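Participant: Sequence:
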Amino acid sequence: MKDILRYILTCSLLLISLFAYPHSYAFRGVSVSEGLSDLLVNAIYKDTEGYVWLGTGSSLERFDGVHFKHYPIIGANEKLKRINAITEMADNQIWLGNGMGLWRLNKETDILESIVPEKIDCPVHSLLAEDGILYIGTEKGLFLYKDGKLDQVLLDKNTFSAANTITDICKGAEDILWLATESGLYSLQLSDRKVAGYHNIMSDKHVCAFNHIARIGEMLYLGTMDQGIIAFDTRIGKFGHFVDVGCNVISSLSSDGKNILYVGTDGNGVHFIDTGQKQIIRSLRHESGNDGSLRSNSVYSLLVDRDGVIWVGFYQFGLDYTLYQTDLFSTYTFPPYFDSKDMPIRAVSIRAHEKLIGSRDGLFYIDEQRKRFRSFKVPQMRSSMIFCILYHQGEYYVGTYGGGMYVLNPETLTLRDFEPEESMPFQKGHIFCIKQDADNQLWIGTSQGIYCYKDGKQSAHYTSANSKLPEGNVYEIYFDSAGKGWVCTENGMCIWDPSSAKLRTDIFPEGFIQKEKIRVVYEDSKHNLYFFPDKGPLFMSDLSMNSFRQLQPGTPLEGRDGLFIVEDNDQWLWLGTSNGLFGYDKEHNFVPYNFVDGIPSPIFTLCLPICDEEGNLWFGNTKGLLYLDVARMESKKQNPYPVMVTDVYINGRPSRHPVLREKDGKSEISLESSQKNITFSFSDFSYTSPGFMSYEYKLEGEDESWIAMTGSSDVTYYNLPSGSYVFKVRRMGQPDSESRLAVKIASSFSVWAALGVIVVLLLGGGAGYYIWRSKKGTGQPVPAVEATVSETALPEIKPVPEDKYKTNKVSPEECKRLTEKLENMMHRDKPYTNPDLKIADLAAVMGTSAHTLSYLFNQHLNRNYYDYINDYRISEFKQLVNKDEYTKYTLSALAELCGFSSRASFFRYFKKATGITPNEYIRSIGKDNE
Numbered sequence: 022m023k024d025i026l027r028y029i030l031t032c033s034l035l036l037i038s039l040f041a042y043p044h045s046y047a048f049r050g051v052s053v054s055e056g057l058s059d060l061l062v063n064a065i066y067k068d069t070e071g072y073v074w075l076g077t078g079s080s081l082e083r084f085d086g087v088h089f090k091h092y093p094i095i096g097a098n099e100k101l102k103r104i105n106a107i108t109e110m111a112d113n114q115i116w117l118g119n120g121m122g123l124w125r126l127n128k129e130t131d132i133l134e135s136i137v138p139e140k141i142d143c144p145v146h147s148l149l150a151e152d153g154i155l156y157i158g159t160e161k162g163l164f165l166y167k168d169g170k171l172d173q174v175l176l177d178k179n180t181f182s183a184a185n186t187i188t189d190i191c192k193g194a195e196d197i198l199w200l201a202t203e204s205g206l207y208s209l210q211l212s213d214r215k216v217a218g219y220h221n222i223m224s225d226k227h228v229c230a231f232n233h234i235a236r237i238g239e240m241l242y243l244g245t246m247d248q249g250i251i252a253f254d255t256r257i258g259k260f261g262h263f264v265d266v267g268c269n270v271i272s273s274l275s276s277d278g279k280n281i282l283y284v285g286t287d288g289n290g291v292h293f294i295d296t297g298q299k300q301i302i303r304s305l306r307h308e309s310g311n312d313g314s315l316r317s318n319s320v321y322s323l324l325v326d327r328d329g330v331i332w333v334g335f336y337q338f339g340l341d342y343t344l345y346q347t348d349l350f351s352t353y354t355f356p357p358y359f360d361s362k363d364m365p366i367r368a369v370s371i372r373a374h375e376k377l378i379g380s381r382d383g384l385f386y387i388d389e390q391r392k393r394f395r396s397f398k399v400p401q402m403r404s405s406m407i408f409c410i411l412y413h414q415g416e417y418y419v420g421t422y423g424g425g426m427y428v429l430n431p432e433t434l435t436l437r438d439f440e441p442e443e444s445m446p447f448q449k450g451h452i453f454c455i456k457q458d459a460d461n462q463l464w465i466g467t468s469q470g471i472y473c474y475k476d477g478k479q480s481a482h483y484t485s486a487n488s489k490l491p492e493g494n495v496y497e498i499y500f501d502s503a504g505k506g507w508v509c510t511e512n513g514m515c516i517w518d519p520s521s522a523k524l525r526t527d528i529f530p531e532g533f534i535q536k537e538k539i540r541v542v543y544e545d546s547k548h549n550l551y552f553f554p555d556k557g558p559l560f561m562s563d564l565s566m567n568s569f570r571q572l573q574p575g576t577p578l579e580g581r582d583g584l585f586i587v588e589d590n591d592q593w594l595w596l597g598t599s600n601g602l603f604g605y606d607k608e609h610n611f612v613p614y615n616f617v618d619g620i621p622s623p624i625f626t627l628c629l630p631i632c633d634e635e636g637n638l639w640f641g642n643t644k645g646l647l648y649l650d651v652a653r654m655e656s657k658k659q660n661p662y663p664v665m666v667t668d669v670y671i672n673g674r675p676s677r678h679p680v681l682r683e684k685d686g687k688s689e690i691s692l693e694s695s696q697k698n699i700t701f702s703f704s705d706f707s708y709t710s711p712g713f714m715s716y717e718y719k720l721e722g723e724d725e726s727w728i729a730m731t732g733s734s735d736v737t738y739y740n741l742p743s744g745s746y747v748f749k750v751r752r753m754g755q756p757d758s759e760s761r762l763a764v765k766i767a768s769s770f771s772v773w774a775a776l777g778v779i780v781v782l783l784l785g786g787g788a789g790y791y792i793w794r795s796k797k798g799t800g801q802p803v804p805a806v807e808a809t810v811s812e813t814a815l816p817e818i819k820p821v822p823e824d825k826y827k828t829n830k831v832s833p834e835e836c837k838r839l840t841e842k843l844e845n846m847m848h849r850d851k852p853y854t855n856p857d858l859k860i861a862d863l864a865a866v867m868g869t870s871a872h873t874l875s876y877l878f879n880q881h882l883n884r885n886y887y888d889y890i891n892d893y894r895i896s897e898f899k900q901l902v903n904k905d906e907y908t909k910y911t912l913s914a915l916a917e918l919c920g921f922s923s924r925a926s927f928f929r930y931f932k933k934a935t936g937i938t939p940n941e942y943i944r945s946i947g948k949d950n951e
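As numbered in our numbering, residues 22 to 951 make up the sequence shown, in order.
Careful: at least some of the hints might be erroneous.
What the hints assert, rightly or not - Simulated crosslink set (SDA-like; lysine to any residue; CA at most 20 Å straight-line):
hint, residue 1, residue 2
1, Lys505, Gly557
2, Lys478, Glu537
3, Lys128, His91
4, Lys859, Ser832
Unchecked claim - Label-pair ranges, simulated between beta-carbon atoms:
hint, residue 1, residue 2, range
5, Ala925, Gln298, 48 to 58 Å
6, Gln457, Glu725, 45 to 55 Å
7, Gln114, Pro93, 13 to 23 Å
8, Ala486, Arg924, 19 to 29 Å
9, Ala97, Ala925, 32 to 42 Å
10, Ala97, Asp888, 38 to 48 Å
The set of hints was computed from the structure by calculation and includes no laboratory data. Source: prediction; values computed, not measured. Beta carbons: idealized from backbone N, C-alpha and C, even for Gly.
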C-alpha cells in the first residue's frame with residue numbers, strides 16, 4: 022500500500038512539473054540577417070534593465086528584442102576574443118571575461134575597456150557578481166574585485182596547476198563559494214579563505230574535469246565534457262552520476278534554484294530535469310521539417326531567464342529564443358472529449374457548467390458537471406457551418422449557413438428541425454441571427470427577411486416588399502434597453518419601433534450611418550450605442566440619436582474590420598477585429614491583446630462574445646474558443662520593464678554618446694545645429710515577435726497628439742528646426758509605462774556670429790560717419806547713406822526656401838474629400854495591385870493633378886506615396902495568405918498578386934513595415950506558404 026501511495030505521489034509531482042511549462046514553444050531564430058554580427062554565441066546574460074547580452078566569438082552584442090548593438094573586442098589574436106562569461110554589477114555595469122582577460126563596458130564612452138590586464142593576464146572562464154563583489158574565475162586562480170581593489174586566491178600553490186583553472190562559480194550556503202575546476206571541485210570559505218578540495222574517483226581514476234556548476238539546495242550538479250552530469254551531495258561529500266541526457270558533452274548548466282535543472286548539450290539539444298524525481302520533463306531538439314524547433318542540437322550556451330524565455334546559443338547558427346507569452350488568454354478544452362484548438366469558432370452559448378459551441382466544423386454540446394459530450398455535424402445536420410445560437414425557453418436554437426435552423430434539447434441531446442414544413446429558409450437557407458425581445462418573442466434574421474415567432478407560432482414575416490426592411494441578408498437584430506430593435510441588413514439599417522409596431526427608416530437624423538452595412542450593434546452599461554460598420558470607423562450614439570459621432574482618427578482600429586463588442590465588469594469595451602483584439606476605456610486609451618497574451622491568431626470571428634457569471638470573457642477566434650480569466654488581468658499591467666529609448670541615430674549615423682538614463686528617470690541628448698534628422702529606437706523588452714509590439718509616441722514641440730504604432734520600434738523625424746523637444750514613448754494604452762528623452766538642437770545663429778554682425782555694423786557706421794564728416798568739411802554734397810551694408814561686409818545669410826506647395830495649397834475640406842475618395846477607390850478597385858502604378862496614374866483616375874495628390878500625401882496624410890501604396894499591398898498579402906485557396910502559392914507569386922514588382926522589394930518593405938519577415942508572419946498565423 023505504501024508503494025502504491027508513493028507511486029501516486031511521484032506521478033502527481035511529475036504532472037505538476039510538466040504543467041509548469043508550456044506544451045510547446047515557438048522559437049524565433051536570430052542570425053546575421055537580423056543583425057547578429059557573429060554566429061557563434063558562447064554566453065548569454067539578461068540584465069536588470071531587460072537587455073539580453075550575447076558573448077560571441079569576436080564581440081559583445083546587446084539585444085533588445087528588435088535591435089542589436091555591437092561592441093567589438095579589440096585585439097590581434099582572434100582565437101582569444103571568444104567571450105566565456107557575462108555578468109552585471111551595480112548601476113547596470115556590464116562585465117565580461119574572455120581568452121584575453123577581464124573587460125568592462127564603459128557607460129560614458131560606450132566602448133569595452135580592458136580591466137587590470139597587468140594582473141589578470143590570462144583567460145577568464147567564469148564570473149559571479151554577489152553582494153558588491155565580482156568573483157573572477159581564471160587560469161591563474163580566483164580573483165575578487167571590489168571597490169577598485171583586486172585580491173587573488175590560489176587553490177593550489179602551484180600557479181600552473183589545473184586546480185587553478187576555475188571554469189565556473191556558484192554561491193553556496195552561508196559563507197561558502199563553490200568552484201568547478203579542471204582538477205576537481207573546491208569550496209572556499211570566504212571569511213577565512215580556507216580551501217577544501219573534493220575529487221571524484223571512479224574505478225581508481227580521477228574524473229574531475231568539471232566545466233559547469235549549478236546548485237539546488239544541498240546538491241551541486243557538475244557538467245563535464247565526457248561524463249555527462251555528475252551530482253555532488255554537499256552534506257556527505259559524495260559524487261554520483263546523474264540523469265543521462267543522451268549526450269555526455271554538457272555545454273551549459275543552470276537551475277531555477279528550486280527543483281529544475283536546465284541542461285545544454287553539444288549534440289543533443291536542451292533538456293529540463295526535475296531533480297527531485299530525477300527525470301527529464303522537457304527536451305528541446307532540432308527536428309527536421311519542423312520550423313518551430315531548435316535550428317541545431319549543437320548548443321553552446323543556454324539561459325532560461327526570470328521571465329521564462331528560453332535563450333539558446335549555437336556554434337554556427339546564432340541564437341534561438343522562445344517568443345514571450347503570458348497565460349492571460351487560454352484556448353478552451355474539455356479533455357478528453359473536446360479541444361477547440363485550431364477550430365474556427367462562430368457561435369457560443371454558456372450557461373454555468375453547460376456550453377454549446379458552434380464552429381465551421383459542426384456543433385458541440387458540453388456539460389462539464391455531468392461529463393456529457395455530443396457533437397453534431399454532416400450528415401446529422403444539413404450544414405456543419407454554425408452561425409448563431411440562442412438559449413430560449415429551455416432549449417437551444419441553432420442557425421446554420423445553408424442548412425437552415427435546428428432546435429437542440431439539452432436533456433435528451435436530440436436535434437430537430439425548427440420549422441420542418443418550411444423549406445426556405447429554415448431547411449435550406451441562411452440563418453444569420455436569432456434574438457429574443459422583451460416579450461420573449463423570437464426574431465430570426467435570414468436570407469429571406471425577418472421571421473418572428475411567439476410561443477412556437479409565426480407571428481410576422483418582414484421583407485423589403487411588405488415593410489421598410491432594406492433589401493438583402495439580415496445580419497443582426499439588436500434590442501436596446503428602450504425596446505427598440507436595430508435591424509442591420511446588407512443595404513443599411515432600419516429600426517423596429519415598439520410604439521408603432523413597425524419597421525421604420527424615417528427616424529434617423531441627418532449624418533447617421535443607417536445607409537451603411539452594419540454587422541455589430543452594442544449598448545453599454547451607460548446606455549451608449551456602438552456600431553461597427555463593415556468598412557469604416559467605430560460609430561457611437563446615445564439611445565435617442567440626439568448625439569452621435571465617429572471615433573476620432575489615428576486610433577489602432579483604423580484599417581481593421583470590426584467584428585464584435587462586449588463590455589466587462591470594469592466598464593471597458595473589448596473590440597474584436599479582423600486583425601487583433603483591443604481593450605478600450607471609452608476615452609482615449611486602447612490596449613492591444615495579441616500573441617504575447619496567449620491569443621493564437623489575430624483574426625477573430627463574428628461570434629458574439631460572452632461575459633459569464635464570474636466576469637470572465639469568452640471570444641470566438643479562428644484558432645479556437647478563447648477565454649480570459651479576469652483574475653489574470655493584473656499581469657497585463659505589471660510588466661517588469663519600462664519602455665526605453667535604446668539608441669538614437671543622428672543624420673543616419675549612431676549618436677556619438679549613448680542614451681543614458683539618469684537617476685530621476687530623465688535622459689537628455691544635445692545636438693549641433695546641423696543634426697536635424699533624428700531616429701529614435703526603443704523597446705519594451707517583451708521579446709515576442711516584433712510584429713506584435715505596440716507603442717504610442719509623441720515628440721513634444723513637433724507632434725500635436727500621440728501616434729499609435731504596431732510592428733515597428735523606430736521613429737524618424739526629418740529636418741527638425743533648432744529648439745528643445747521631448748520624445749515620449751509608451752506601451753499602447755499604458756500611460757504609466759512612458760519613457761522620455763529630452764532633445765536640444767542648437768541654433769545655427771551662434772553668439773560669435775551675433776558679435777560679428779555687431780562689429781561689422783559698428784565699423785560700417787563709423788566709416789559712413791567719417792565720409793560724411795569729410796565731405797561736409799569740403800562743402801561737397803553728401804549722398805544719402807544706404808540703409809544696407811555691403812554684401813561683402815556681412816556673412817552670407819541664405820534665404821529660407823519657399824514652401825514647395827505654397828502656390829498650390831489644398832483646403833482641409835478638399836483634402837478630406839480626396840482622402841475619402843482615395844480610400845474608397847483603394848478598397849473597391851485595388852489599383853495598388855498594378856506594380857507599375859505611378860502617382861500620375863492614380864491622380865488621373867481620381868480626376869485631380871499629381872501635384873495635388875502629392876500635397877495630400879505629404880501635407881495632409883503625412884505619408885509618402887510609396888509607403889501609402891505599399892501598406893495596402895502588405896494588407897492585401899495578409900488577407901490572401903489567410904485564405905485557403907492561396908495556401909499553395911509561393912511567396913513570390915503572392916507578392917506579385919499584391920502589386921510588388923519583385924520578391925526582394927516585397928521582403929524589404931514587409932520587414933520595414935512589420936518588423937518581421939514574411940516567413941515569420943506566415944509561421945505566426947499557422948500557414949506554410951514557401
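Participant: Are the hints correct? Go through all of them and say.
Facilitator: Cross-check of the supplied hints:
{"no.": "1", "hint": "Lys505 to Gly557", "in the structure": "violated (24 Å)"}
{"no.": "2", "hint": "Lys478 to Glu537", "in the structure": "violated (32 Å)"}
{"no.": "3", "hint": "Lys128 to His91", "in the structure": "holds (14 Å)"}
{"no.": "4", "hint": "Lys859 to Ser832", "in the structure": "violated (24 Å)"}
{"no.": "5", "hint": "Ala925 to Gln298: 48 to 58 Å", "in the structure": "holds (52 Å)"}
{"no.": "6", "hint": "Gln457 to Glu725: 45 to 55 Å", "in the structure": "holds (47 Å)"}
{"no.": "7", "hint": "Gln114 to Pro93: 13 to 23 Å", "in the structure": "holds (19 Å)"}
{"no.": "8", "hint": "Ala486 to Arg924: 19 to 29 Å", "in the structure": "violated (53 Å)"}
{"no.": "9", "hint": "Ala97 to Ala925: 32 to 42 Å", "in the structure": "holds (39 Å)"}
{"no.": "10", "hint": "Ala97 to Asp888: 38 to 48 Å", "in the structure": "holds (46 Å)"}
Checked against the numbered hints given earlier, this structure breaks hints 1, 2, 4, 8; the rest are met.
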